[in-house]
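Read top to bottom, the protein sequences are chains A and B.
Residue numbering for the first sequence follows numbering that gives the first Met the number 0, beginning at 0 and increasing consecutively.
Residue numbering for the second sequence follows numbering that gives the first Met the number 0, beginning at 0 and increasing consecutively.
One should not assume that every hint holds.
[Said to hold, decoys possible] Only part of the chain B face toward chain A is listed, based on derived beta-carbon distances under 8 Å:
# : residue
1 : Phe16
2 : Lys69
3 : Ile94
4 : Ser124
[Said to hold, decoys possible] Each computed DSS-like pair below joins lysine-lysine, with the alpha-carbon atoms no more than 30 Å apart:
#  : chain 1 : residue 1 : chain 2 : residue 2
5  : B       : Lys132    : A       : Lys11
6  : B       : Lys12     : A       : Lys161
7  : B       : Lys137    : A       : Lys158
8  : A       : Lys67     : A       : Lys11
9  : A       : Lys106    : B       : Lys70
10 : A       : Lys158    : B       : Lys131
11 : B       : Lys70     : B       : Lys131
12 : A       : Lys106    : B       : Lys131
13 : B       : Lys132    : A       : Lys106
14 : B       : Lys35     : A       : Lys161
15 : B       : Lys12     : B       : Lys70
16 : B       : Lys35     : B       : Lys12
17 : A       : Lys106    : A       : Lys11
18 : A       : Lys11     : B       : Lys35
19 : B       : Lys173    : B       : Lys137
20 : B       : Lys173    : B       : Lys131
21 : B       : Lys109    : A       : Lys67
22 : A       : Lys33     : B       : Lys109
23 : A       : Lys11     : B       : Lys109
24 : B       : Lys69     : A       : Lys106
25 : B       : Lys12     : A       : Lys67
26 : A       : Lys158    : B       : Lys109
27 : B       : Lys132    : A       : Lys161
28 : A       : Lys33     : A       : Lys11
Think of the hints as simulated: they come from the structure by calculation, not from any bench.
For every residue, glycine included, the Cβ atom is placed at its ideal position computed from N, Cα and C.
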Amino acid sequence: MIYLTLYLEFFKIGAFAVGGGLATIPFLQELIEKYHWITQSELIDIVAVAESTPGAVGVNAATFMGYKVAETLGGIIAVLGLISPSIVIIVIIAHFFNRFRQNQYVKKAFYGLRPVAAGIIGAAGVSVGVVAFGIGTDDISIQITRLLIGLIMYFLIEKYSKHPIVYIALGAVIGIILM
Amino acid sequence: MHDALALFGAFFKIGAFTFGGGYAMMPLIQEELVNKRGWVTAEEVLDYYAIGQMTPGIIAVNTATFIGYKKGGILGAIFATLGVVAPSIVIITLIATVFDTIMENNMVEKAFLGIRIVVVSLIASGVVALAKKSLIDKVTISLFVISLLIMSVISPSPIVVIIIGAVAGLIFCKEEQA
Chain A
0 MIYLTLYLEF
10 FKIGAFAVGG
20 GLATIPFLQE
30 LIEKYHWITQ
40 SELIDIVAVA
50 ESTPGAVGVN
60 AATFMGYKVA
70 ETLGGIIAVL
80 GLISPSIVII
90 VIIAHFFNRF
100 RQNQYVKKAF
110 YGLRPVAAGI
120 IGAAGVSVGV
130 VAFGIGTDDI
140 SIQITRLLIG
150 LIMYFLIEKY
160 SKHPIVYIAL
170 GAVIGIILM
Chain B
0 MHDALALFGA
10 FFKIGAFTFG
20 GGYAMMPLIQ
30 EELVNKRGWV
40 TAEEVLDYYA
50 IGQMTPGIIA
60 VNTATFIGYK
70 KGGILGAIFA
80 TLGVVAPSIV
90 IITLIATVFD
100 TIMENNMVEK
110 AFLGIRIVVV
120 SLIASGVVAL
130 AKKSLIDKVT
140 ISLFVISLLI
150 MSVISPSPIV
160 VIIIGAVAGL
170 IFCKEEQA
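With the rest of the complex left out, here is chain B (with noise of 0.2 Å):
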């Protein structure tokens, strides 16, 4: 149990002091686990992350569920994982009961209309970076291309995509590639 305590200390941290996500929890990570209390290795954490972004779920949330599993087993891996999602819970929902008052006010409305442009940008920048890695060749680039069409025109659940993509991985990928 001081193992579980202790994992959502850290974790909580962490959550409190990300900004911007997964990619963001790293040097926090590096810092508070394998700097100071020395928990995991830098390797460690690096194998746990790589995992946490090809498994489904949030980044941040995954990595965390790996390090308390890692450390506390699975009351470990649950309070790792409830201490970092805590801050968010209490930070987002003090902005959400305040937020509707504030949209009200005339020049909020025109800033978030600027603000809706770079969300846009923010995603197409995010979709590059996750082509750059994944579309290898003609295989993988037919279905960037299908799914984002399929997307686009007929809008299906999103999970009928993921399952088609995963097998269409298991058909058509060669060895030497896997």
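In isolation and in its complexed conformation, chain A is listed as follows (with noise of 0.2 Å):
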């Protein structure tokens, strides 16, 4: 049954997405990846599109795949099923916070689950960039423009740290003017 597929997997990703919104990115490539629900690059203009929009970030990203999948209660699910472990966890550790906040095995899994987590989604990156540059698809002279593109973008969300919004409609021009 469809719904329960959906719950069960996100609550799978609600368990173990670390990191915010960006880390559940690889977790849904994963699922694409297992059910084909949906390409690579619809799942790269879900996540423009749950960047743009009021919300969490990675509960707008559920909601949308949820909705692919089936429809207004497949949405529905996905969230449910997200926020479902954050529940669980976070009012078990509401419970005991203080003691939580300074146990030494806390602290050292954080140690080595941080710089974990950045790899995970730097990878979900990379996978993301072979699709958005046409790496293997598209002309050399195309892929090259489009990386450096990318390169200057990077720069200036650095350099103005403006909401993303801002940078998505920047690249919705250039995509109107260059491609």
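Since each chain sits alone in its own frame, please combine them into the complex, following the hints.
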């Protein structure tokens, strides 16, 4: 049953994605490899919409993915799956708040967990880049142009740190003019 | 129950007006929950936020659950969390219903070719920000590089790599770094 699958798969994401909304991307990639619900480029479009609309990016992406699979109810179930582990984990931590914070094992685990989370999101960025730059599918000149645009956008993001929607709008304009 | 509904309402407002997820939520929480309602102090919000970042799950969701629990117990946690995600469900569902039709438009299709490039740059910037905070010595740098390579080359489930990272932390983290 599709609703149960959606709930369980998004429950897993909620339980293991460390590092906020972007951390859900590698899990969503794993999902589409497993179920072929959508294509890689559709996933990137979902991330773009999720970043440009109000609300948490991870929740927005889950709603969109759930909707693609099983319409409105699918979106709701995906989000419920995503937030269920948070409710359980946070309620337990909130209860033992001070002990949790000072616990040596917790601190040590996070010392190793954080760089790995960054690495996983980095790998997701690489595979998103393969699709977005057209690596292996488009002309080499097109690939280089896109790569350069990506680099310039990266430096703009780092320099001005405006809201993502600003850069996404800029990307839309570049796409319409150049592609 | 009154508390739970008030939490739902307050977090619905926060969810509807937060652009860009977890980090962007802070000023709204300050305004709505600290200044206007006095439910939590600014220091508490910072603590919950730090926990929300290091625990699995969406940062905005974790922070909402934490504040909801402190204010109204388990029921409060559930209602605060449902409040923060409800606007996303409404807004994204509305967009999703028209999205495929819009994408058939040639100009929109071109726009998304540009947008996809920006998504890569945004992810790269997010990774660099995370790396700056977490790559503090040789061990953490190695863990970053190894997990990046493993995920790119053989792409196992991210869960496996996350667990390996936690175990590596328990083994390699020295007392003074903990």
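Looking at the structure, which of the earlier hints fail to hold? 11, 18, 23
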